[in-house]
Amino acid sequence: MSTPDPEPLWSSAADTYARIRDNIGKVMRGQSQAVRKLLAAFAAGGHVLLEDVPGTGKTTLAKALARSIDADFQRIQFTPDLLPADILGVSLFNQREQVFEFHQGPVFTNILLADEINRASPRTQSALLEAMGEGQVSLDGVRRPLDSLFFVIATQNPIEFQGTYPLPEAQMDRFALRFSLGYVAASEEVQILDDQSARHPLDGLEAVSDHDDIERLRDAVRAIAIADELKRYVVDLIVATRETDGVLIGASPRASLAVMKCAQALALFDGGEFVTPEHVQEIAGPVIAHRLVMDPQARYSGHDAESVVSKVLDQVPVPT
Amino acid sequence: MRLVSGTLAAALVLWGWHNGLLLVAAPLAVIIELPRWTPWRWQLSDKDFQRLADASTVGFVLLAAYQFDAHGASGIYAILRWLPVALFPLVATQVYSTRDRIDYKALFWSVRAAVARGNIADPGGADIRLTFVVVCMVSASGGAAHGSLLLPSVAAFTVWILWSNRPRRYAGAHWACAVALALALCFVLKAGTLQARRYIEPLAMAYLQDRIAARGDPYRAYTAIGHIGELKVSDRIVLRVTPEPGAEKPRLLHQASYQSFARNMWVSRRTRFEELPSSAVGTAWHIAEEPAHMASVSIGTYLRNGKGLLAVPGGTRRLDNLPVDGVYRNALGALKVLEGPEVVNFRARYTPLELTDPAPEAGDLIVPKAHEKLFTELVARLQLDVGDKGRALERVRRFFARNFAYSLDLQAPRAQATPLADFLLEWRRGHCEYFATSTVLLLRAAGIPARYATGYSVQEYSEIEKRYLVRRRHAHSWALAWVNGAWRDVDTTPAGWVALESAQSAWWQPVYDVGSWLAFLFAEWRWEETEEQDRSWMLWLVLPLLLILGWRMARRERVRRERQSAGAESTRMVRQGADSAFFAIEQRLSAAGHERRSGECASTWLRRLAQSGVLPGAAALMREILPLHYRYRFHPAGLDADGRRALEAAVREWLRQNPV
Numbered sequence: 001m002s003t004p005d006p007e008p009l010w011s012s013a014a015d016t017y018a019r020i021r022d023n024i025g026k027v028m029r030g031q032s033q034a035v036r037k038l039l040a041a042f043a044a045g046g047h048v049l050l051e052d053v054p055g056t057g058k059t060t061l062a063k064a065l066a067r068s069i070d071a072d073f074q075r076i077q078f079t080p081d082l083l084p085a086d087i088l089g090v091s092l093f094n095q096r097e098q099v100f101e102f103h104q105g106p107v108f109t110n111i112l113l114a115d116e117i118n119r120a121s122p123r124t125q126s127a128l129l130e131a132m133g134e135g136q137v138s139l140d141g142v143r144r145p146l147d148s149l150f151f152v153i154a155t156q157n158p159i160e161f162q163g164t165y166p167l168p169e170a171q172m173d174r175f176a177l178r179f180s181l182g183y184v185a186a187s188e189e190v191q192i193l194d195d196q197s198a199r200h201p202l203d204g205l206e207a208v209s210d211h212d213d214i215e216r217l218r219d220a221v222r223a224i225a226i227a228d229e230l231k232r233y234v235v236d237l238i239v240a241t242r243e244t245d246g247v248l249i250g251a252s253p254r255a256s257l258a259v260m261k262c263a264q265a266l267a268l269f270d271g272g273e274f275v276t277p278e279h280v281q282e283i284a285g286p287v288i289a290h291r292l293v294m295d296p297q298a299r300y301s302g303h304d305a306e307s308v309v310s311k312v313l314d315q316v317p318v319p320t
Numbered sequence: 321m322r323l324v325s326g327t328l329a330a331a332l333v334l335w336g337w338h339n340g341l342l343l344v345a346a347p348l349a350v351i352i353e354l355p356r357w358t359p360w361r362w363q364l365s366d367k368d369f370q371r372l373a374d375a376s377t378v379g380f381v382l383l384a385a386y387q388f389d390a391h392g393a394s395g396i397y398a399i400l401r402w403l404p405v406a407l408f409p410l411v412a413t414q415v416y417s418t419r420d421r422i423d424y425k426a427l428f429w430s431v432r433a434a435v436a437r438g439n440i441a442d443p444g445g446a447d448i449r450l451t452f453v454v455v456c457m458v459s460a461s462g463g464a465a466h467g468s469l470l471l472p473s474v475a476a477f478t479v480w481i482l483w484s485n486r487p488r489r490y491a492g493a494h495w496a497c498a499v500a501l502a503l504a505l506c507f508v509l510k511a512g513t514l515q516a517r518r519y520i521e522p523l524a525m526a527y528l529q530d531r532i533a534a535r536g537d538p539y540r541a542y543t544a545i546g547h548i549g550e551l552k553v554s555d556r557i558v559l560r561v562t563p564e565p566g567a568e569k570p571r572l573l574h575q576a577s578y579q580s581f582a583r584n585m586w587v588s589r590r591t592r593f594e595e596l597p598s599s600a601v602g603t604a605w606h607i608a609e610e611p612a613h614m615a616s617v618s619i620g621t622y623l624r625n626g627k628g629l630l631a632v633p634g635g636t637r638r639l640d641n642l643p644v645d646g647v648y649r650n651a652l653g654a655l656k657v658l659e660g661p662e663v664v665n666f667r668a669r670y671t672p673l674e675l676t677d678p679a680p681e682a683g684d685l686i687v688p689k690a691h692e693k694l695f696t697e698l699v700a701r702l703q704l705d706v707g708d709k710g711r712a713l714e715r716v717r718r719f720f721a722r723n724f725a726y727s728l729d730l731q732a733p734r735a736q737a738t739p740l741a742d743f744l745l746e747w748r749r750g751h752c753e754y755f756a757t758s759t760v761l762l763l764r765a766a767g768i769p770a771r772y773a774t775g776y777s778v779q780e781y782s783e784i785e786k787r788y789l790v791r792r793r794h795a796h797s798w799a800l801a802w803v804n805g806a807w808r809d810v811d812t813t814p815a816g817w818v819a820l821e822s823a824q825s826a827w828w829q830p831v832y833d834v835g836s837w838l839a840f841l842f843a844e845w846r847w848e849e850t851e852e853q854d855r856s857w858m859l860w861l862v863l864p865l866l867l868i869l870g871w872r873m874a875r876r877e878r879v880r881r882e883r884q885s886a887g888a889e890s891t892r893m894v895r896q897g898a899d900s901a902f903f904a905i906e907q908r909l910s911a912a913g914h915e916r917r918s919g920e921c922a923s924t925w926l927r928r929l930a931q932s933g934v935l936p937g938a939a940a941l942m943r944e945i946l947p948l949h950y951r952y953r954f955h956p957a958g959l960d961a962d963g964r965r966a967l968e969a970a971v972r973e974w975l976r977q978n979p980v
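For the record, the sequence lines run as chains C and R.
Start counting the first sequence at 1; every next residue gets the next number (our numbering).
Start counting the second sequence at 321; every next residue gets the next number (our numbering).
The hints are simulated quantities; they were obtained by calculation from the structure and are not laboratory data.
Treat the hints with care, as some may be off.
What the hints assert, rightly or not - Distance ranges between label pairs, derived from CB positions:
hint	chain 1	residue 1	chain 2	residue 2	range
1	R	Arg965	C	Ala223	23 to 31 Å
2	C	Phe102	R	Arg943	20 to 28 Å
3	R	Asp366	C	Arg254	26 to 34 Å
4	C	Ala223	R	Gly492	49 to 57 Å
5	C	Ala223	R	Asp366	40 to 48 Å
6	R	Ala843	C	Ile249	56 to 64 Å
7	R	Leu514	C	Gln297	19 to 27 Å
8	C	Ala225	R	Ala940	36 to 44 Å
9	R	Ala496	C	Ala223	55 to 63 Å
10	R	Gln907	C	Pro296	43 to 51 Å
11	R	Ala940	C	Pro296	45 to 53 Å
12	C	Asp314	R	Ala436	21 to 29 Å
13	C	Ser12	R	Arg965	27 to 35 Å
14	C	Phe102	R	Asp366	24 to 32 Å
Said to hold, decoys possible - Over the 10 Å line for every Cβ pair with chain C, so calculated as not near, a few chain R residues:
hint	residue
15	Ala390
16	Gly438
17	Ala441
18	Asn584
19	Glu681
20	Glu692
21	Val834
22	Arg895
23	Phe902
24	Glu906
25	Gly919
26	Cys921
Note that CB positions come from ideal geometry on N, CA and C, so glycine has one too.
All chains should be modelled from the sequences, with the hints used to inform the complete structure.
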């Protein structure tokens with residue numbers, strides 16, 4: 001039995017990535033790195049948590065991705081009174097048929113934007129756990145699988161604490177990546193004003209790929225090679241976070257997997273066939289930092305998870 | 321800073337050589353270098369390091385206490401000399417542990433407290449090997465075994481360390497010039513320091529001598545004459561007296577004599593001390609002519625800081641078993657010792673009835689003018705100026721014995737009367753200083769040369785120690801009278817004073833006595849021999865601590881060392897492309913001082929060098945060589961033969977174009 005030649009697969013996958021990236025770029029000015037990370041997570045089958053102050057384009061980025069793909073898109077505005085059933089769906093009794101009918105919630109989609117996820121109660125937040133981790137929803141004793149393209153983009157505002165519920169550690173671990181968009185350069189911001197003077201560019205955004213393109217993209221990512229030495233390097237980084245002072249809970253093996261998959265995606269985006277140490281280092285921060293539980297004393301002393309990851313990256317010998 | 325193999329051992333040998341401690345340094349050097357061949361390491365926690373650092377601190381404090389105890393102020397040199405030994409456990413632990421540095425928490429209490437308070441999250445740590453090397457060099461400077469070679473050897477050693485850490489990006493000649501300049505400055509500075517020292521030292525000595533001389537005569541006796549209230553006396557044991565078996569104990573131990581009385585204070589104006597001749601071994605001291613038969617008594621006493629006045633029986637002619645640097649005697653017979661141990665137990669050989677105090681002088685007949693009338697009248701009343709002096713002495717004794725009583729309760733003096741007049745004419749009671757002073761002045765008024773003597777009365781026999789104990793409350797004063805060509809003790813204090821002062825002793829005195837005895841035995845054992853004796857008793861105190869520490873360390877989990885060499889790595893994981901030609905470029909750049917950092921990717925590293933302008937041909941490297949190298953290293957299929965040839969050719973070309 002012969003294995004198919006991956007070259008055409010990689011080529012078309014890289015092309016898909018480029019199309020989506022450029023399409024999103026029409027809306028998201030000066031955010032090429034954020035788009036790269038978002039697509040890395042998307043191609044690697046992970047979910048993304050966007051954390052930034054209001055107005056930086058979190059929701060726009062999510063919508064732009066959804067519109068770039070010919071796929072279902074749902075948006076849930078998380079509020080304190082949101083219930084799990086509002087996300088997952090509910091079984092209602094059909095009196096005419098005398099049966100319970102399941103009405104799917106917004107989670108049954110391809111791309112789900114969970115806007116301001118930390119405004120809902122932990123109970124509601126946790127409703128997403130199974131969906132994000134296993135790609136399925138268990139309700140009324142029935143297991144309902146989600147679409148293979150299921151992708152969650154959650155946003156949260158890190159500076160507001162009133163009326164918010166910090167995401168539980170288990171939930172945080174389900175996100176492959178967490179990153180911020182940050183403010184763009186002044187020239188880019190002027191460009192944004194120009195773009196939106198007549199109408200929002202999002203309105204004119206058309207899909208540039210379909211469900212099958214994304215499946216092929218994901219297959220191509222999985223086919224990207226990663227050397228044993230680099231796998232070991234990834235594990236060394238993760239283990240080092242568990243042994244660093246000031247860290248109560250280090251990163252999990254799920255983090256190792258996420259680093260590897262996202263690094264594979266980056267390698268594909270760069271037109272490569274294999275992962276390099278640079279890919280691992282590029283994605284390590286967004287993958288690892290949000291999973292670390294810091295000692296409060298260390299936090300008050302000005303040490304945060306990002307500085308721990310930087311320190312680990314500096315200290316763990318990288319293969320060359 | 322990188323330390324090449326053998327630096328620690330070399331530092332230890334340098335230290336041992338200069339301090340004449342090569343026999344100590346050699347095994348330490350072996351121990352410190354042994355981990356290079358041992359396949360295991362100790363897995364120690366922060367707590368273990370903290371305990372060890374604390375133990376090292378305790379060891380250092382003990383070392384300091386021991387050296388100051390043994391050598392006084394000059395112990396600082398001995399501490400300097402042994403400093404590497406005190407630090408050795410800490411650096412050895414670092415070398416034998418799995419860590420490459422010691423946490424600051426272990427080294428500093430303040431950091432430990434700051435971490436506990438949460439002010440510091442990650443205090444970091446330090447590799448103390450270089451510190452240890454510096455300590456060894458500083459300590460070597462304290463040695464005098466090869467003084468003239470100190471600077472050259474330390475300089476050579478320093479150059480060796482710097483050579484292995486030289487910045488590769490500069491030419492060797494530049495480095496050599498800089499080092500030569502530093503060494504030249506060092507030698508010039510040393511010569512200058514010596515000159516300055518030669519100039520400053522005599523000035524400082526002269527200044528200090530002036531200050532010390534200005535303090536005046538330290539030997540004067542303040543009396544409690546004229547004081548009011550009850551005298552408090554201490555039970556503290558100051559002397560232990562052991563007469564020869566069957567021999568009589570000396571009744572009084574003479575410490576000092578005084579000549580002039582003024583304002584209720586006896587003063588010895590002539591204080592010039594002259595050194596006594598000693599025997600060859602330096603523990604026997606000759607005071608006066610030694611007749612064939614002499615009594616002897618053993619006296620144990622403490623010498624504060626190794627010096628003090630000795631209390632000896634009157635008529636002492638020779639001192640044996642007194643290991644001091646010198647014994648000095650003044651014109652009035654006081655014996656002073658210098659530079660001795662803290663405890664001595666010497667033997668005094670004496671003639672009980674023939675005192676050896678120097679002959680009387682004019683000053684021994686002076687009665688202060690304030691008291692002249694009182695004593696002249698008294699002499700006349702007692703008819704002391706009539707008949708021979710021996711009878712006068714007897715009358716004085718009888719006068720005090722019949723008419724006076726001993727009392728520690730001092731009364732207020734009458735107006736316009738001296739305390740002595742009150743004592744002699746009114747109260748007729750007082751303590752020994754009243755009796756002795758009155759006797760001296762009475763005898764002088766009668767024309768008999770007399771002196772005021774102070775010392776101790778020997779009277780309390782201890783059944784526990786089987787010898788006489790002399791307490792501070794047994795301090796006594798009496799008169800010395802020159803009668804028939806010889807000095808005689810004249811103690812007119814009524815015999816009841818002993819019982820009266822004993823009544824003041826505390827109820828717990830027996831317990832105190834036993835404790836005091838044990839302390840004395842320990843001190844005596846410590847100072848048993850000469851000054852240069854083996855003072856290893858402190859080491860015996862440290863030994864259990866070290867044993868406990870060693871036992872704890874031995875029980876630690878030891879982990880097998882992970883070898884860093886490529887060969888050992890290959891048994892665990894195949895390091896594909898380890899023979900990539902790219903490593904030749906990395907090697908060349910590292911040799912030029914542009915090492916790649918531990919966590920730095922190759923592209924990041926090359927970009928950094930390119931930005932700092934030290935990487936020629938960066939574009940070719942990044943565009944052609946690095947991608948090929950990465951494919952060789954990280955692609956499962958690696959490079960085919962053509963690809964490898966292309967890589968090698970590109971690397972060769974780069975190396976050719978960029979020789980430095």
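Does the beta carbon distance between leucine 514 of chain R and glutamine 297 of chain C stay inside 19 to 27 Å, or does it fall outside? violated (53 Å)
Take a look at whether the Cβ-Cβ distance between alanine 225 of chain C and alanine 940 of chain R falls inside 36 to 44 Å. Violated, since alanine 225 of chain C and alanine 940 of chain R (Cβ atoms, about 26 Å apart) do not stay within the stated range.
Grab the minimum beta-carbon distance between glycine 438 of chain R and chain C and tell me whether it stays above 10 Å. Incorrect as stated: the minimum Cβ-Cβ distance to chain C is 4 Å, not above 10 Å.
Cβ distance range 49 to 57 Å for alanine 223 of chain C and glycine 492 of chain R, holds or violated: Cβ of alanine 223 of chain C to Cβ of glycine 492 of chain R: about 52 Å, so the range 49 to 57 Å holds.
Whether cysteine 921 of chain R stays farther than 10 Å from all C-beta atoms of chain C, as the label says: Violated, since 5 Å does not exceed 10 Å.
Over 10 Å to the closest beta carbon of chain C is the bar; see if phenylalanine 902 of chain R clears it. It is violated; phenylalanine 902 of chain R is separated from chain C by about 8 Å at its closest Cβ, not greater than 10 Å.
Are aspartate 314 of chain C and alanine 436 of chain R spaced within 21 to 29 Å by their CB atoms? holds (27 Å)
Is the Cβ of valine 834 of chain R farther than 10 Å from every Cβ of chain C? holds (53 Å)
Do the Cβ positions of alanine 496 of chain R and alanine 223 of chain C conform to the proposed distance bound of 55 to 63 Å? holds (57 Å)
Verify the CB-CB distance for aspartate 366 of chain R and arginine 254 of chain C against the hinted window 26 to 34 Å. This hint holds: roughly 29 Å between Cβ atoms.
Whether glutamate 692 of chain R stays farther than 10 Å from all C-beta atoms of chain C, as the label says: holds (84 Å)
Take a look at whether the Cβ-Cβ distance between alanine 223 of chain C and aspartate 366 of chain R falls inside 40 to 48 Å. holds (45 Å)
Checked against the numbered hints given earlier, this structure breaks hints 2, 7, 8, 14, 16, 17, 22, 23, 24, 25 and 26; the rest are met.
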